[in-house]
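Based on these hints, arrange chain S on the given structure of chain H.
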Amino acid sequence: MSGPTVPFASEDDVPIRYMDRTREYYQTLGFSPYRWAHFTDAPFTPLSTPLARARVALITTAAPFQPEAGDQGPRAPYNAGAKFYQVYSAAVDSKPDLRISHVGYDRANTVPEDLNAYFPLARLQEAVAAGRIGSLAPRFHGAPTNRSHRVTMETDAPELLRRCREDGADAVVLVPS
Amino acid sequence: MGLATRHLEANGIPTVIMGCAKDIVEHCGVPRFVWSDFPLGNSAGRPFDVESQAQTLELALRLLETAPAARTTVSSPLGWTAEAAWKHRFLDVGKLSPEEIAERRKEFDVVKAVAKAKREGA
Numbered sequence: 545m546s547g548p549t550v551p552f553a554s555e556d557d558v559p560i561r562y563m564d565r566t567r568e569y570y571q572t573l574g575f576s577p578y579r580w581a582h583f584t585d586a587p588f589t590p591l592s593t594p595l596a597r598a599r600v601a602l603i604t605t606a607a608p609f610q611p612e613a614g615d616q617g618p619r620a621p622y623n624a625g626a627k628f629y630q631v632y633s634a635a636v637d638s639k640p641d642l643r644i645s646h647v648g649y650d651r652a653n654t655v656p657e658d659l660n661a662y663f664p665l666a667r668l669q670e671a672v673a674a675g676r677i678g679s680l681a682p683r684f685h686g687a688p689t690n691r692s693h694r695v696t697m698e699t700d701a702p703e704l705l706r707r708c709r710e711d712g713a714d715a716v717v718l719v720p721s
Numbered sequence: 628m629g630l631a632t633r634h635l636e637a638n639g640i641p642t643v644i645m646g647c648a649k650d651i652v653e654h655c656g657v658p659r660f661v662w663s664d665f666p667l668g669n670s671a672g673r674p675f676d677v678e679s680q681a682q683t684l685e686l687a688l689r690l691l692e693t694a695p696a697a698r699t700t701v702s703s704p705l706g707w708t709a710e711a712a713w714k715h716r717f718l719d720v721g722k723l724s725p726e727e728i729a730e731r732r733k734e735f736d737v738v739k740a741v742a743k744a745k746r747e748g749a
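Line by line, the protein sequences give chains H and S. Quick note on numbering: the first sequence equals residues 545 to 721 in my numbering. Quick note on numbering: the second sequence equals residues 628 to 749 in my numbering.
Note that these hints are calculated values from the structure, not bench results.
Have a look at the derived ranges for each label pair, beta carbon to beta carbon: (1) Ala744/S <-> Tyr578/H: 18 to 26 Å; (2) Asp641/H <-> Asp676/S: 15 to 23 Å; (3) Glu555/H <-> Ala744/S: 41 to 49 Å; (4) Ala637/S <-> Ala673/H: 29 to 37 Å; (5) Asp615/H <-> Lys733/S: 14 to 22 Å; (6) Glu730/S <-> Gly712/H: 49 to 57 Å; (7) Ala635/H <-> Arg716/S: 36 to 44 Å; (8) Gly614/H <-> Thr693/S: 39 to 47 Å; (9) Lys743/S <-> Asp615/H: 17 to 25 Å; (10) Lys743/S <-> Val558/H: 34 to 42 Å; (11) Pro559/H <-> Ile728/S: 20 to 28 Å; (12) Thr700/S <-> Thr699/H: 26 to 34 Å; (13) Asp676/S <-> Pro577/H: 29 to 37 Å; (14) Pro725/S <-> Glu657/H: 31 to 39 Å.
The beta-carbon is built from N, C-alpha and C at its ideal position, and this holds for glycine as well.
Isolated chain H (complex conformation) (with noise of 0.2 Å):
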């Protein structure tokens, strides 16, 4: 059986299976099973506007900080205090101090001190200086993290089409936190 040994990735090195471990981590504590969404099949719409003259439009999942709602910081323990449930909007050009200890982040292994690492605006907004990217939507946009599907995809979808609609979003970066 022995022959040379060939380098690969250690055995652990794969994708974390996080529905997996966030099941067994909540089954433990005593609580029901969460349902993520699932489909087999994906909608598709080509890019029709080449990127270089394309408005591109962002979407968040990151809340503005809230002063009256506790402790936001990078080191601040799950705050649902601080979550958002309706869509927001902001002014791109705004310079937004977003934070996300309302979700559950990776708090064993990160500290978002870096908003750039989670929300790239100024990334984007170095695009369209390079000429990359035609040009950013006006107003960046807010996704609640609502644990109910029914909610989100009959009311916060449809507010976030109409609002990337309203600024002639040619194309969309959605980013999660």
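Chain S only, in chain H's frame:
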């Protein structure tokens, strides 16, 4: 986010989602996905690493231009650390004592109550 991206795309706007949770995003089924094998919270690149953020965005832009079909995933070539040890530390329930489990359960009950109050007040 997967549901929102599907809705936009179904209504004629091309989309790309940048994320770290490969299984969750692909389970939902999205048109275009740039996957970074980073801890959740770093969908747009490594913190304080402008070059990695620019590279990750460029993958997303290339994907918008070139995806041949729905459910196309591009895996970023960037890694988080040389070792994979970090991958065991996320929600590692095996490491918790019964007391810690009880404590976390209480904390989560509080979190749920706070979220519910905020949601209903919204």
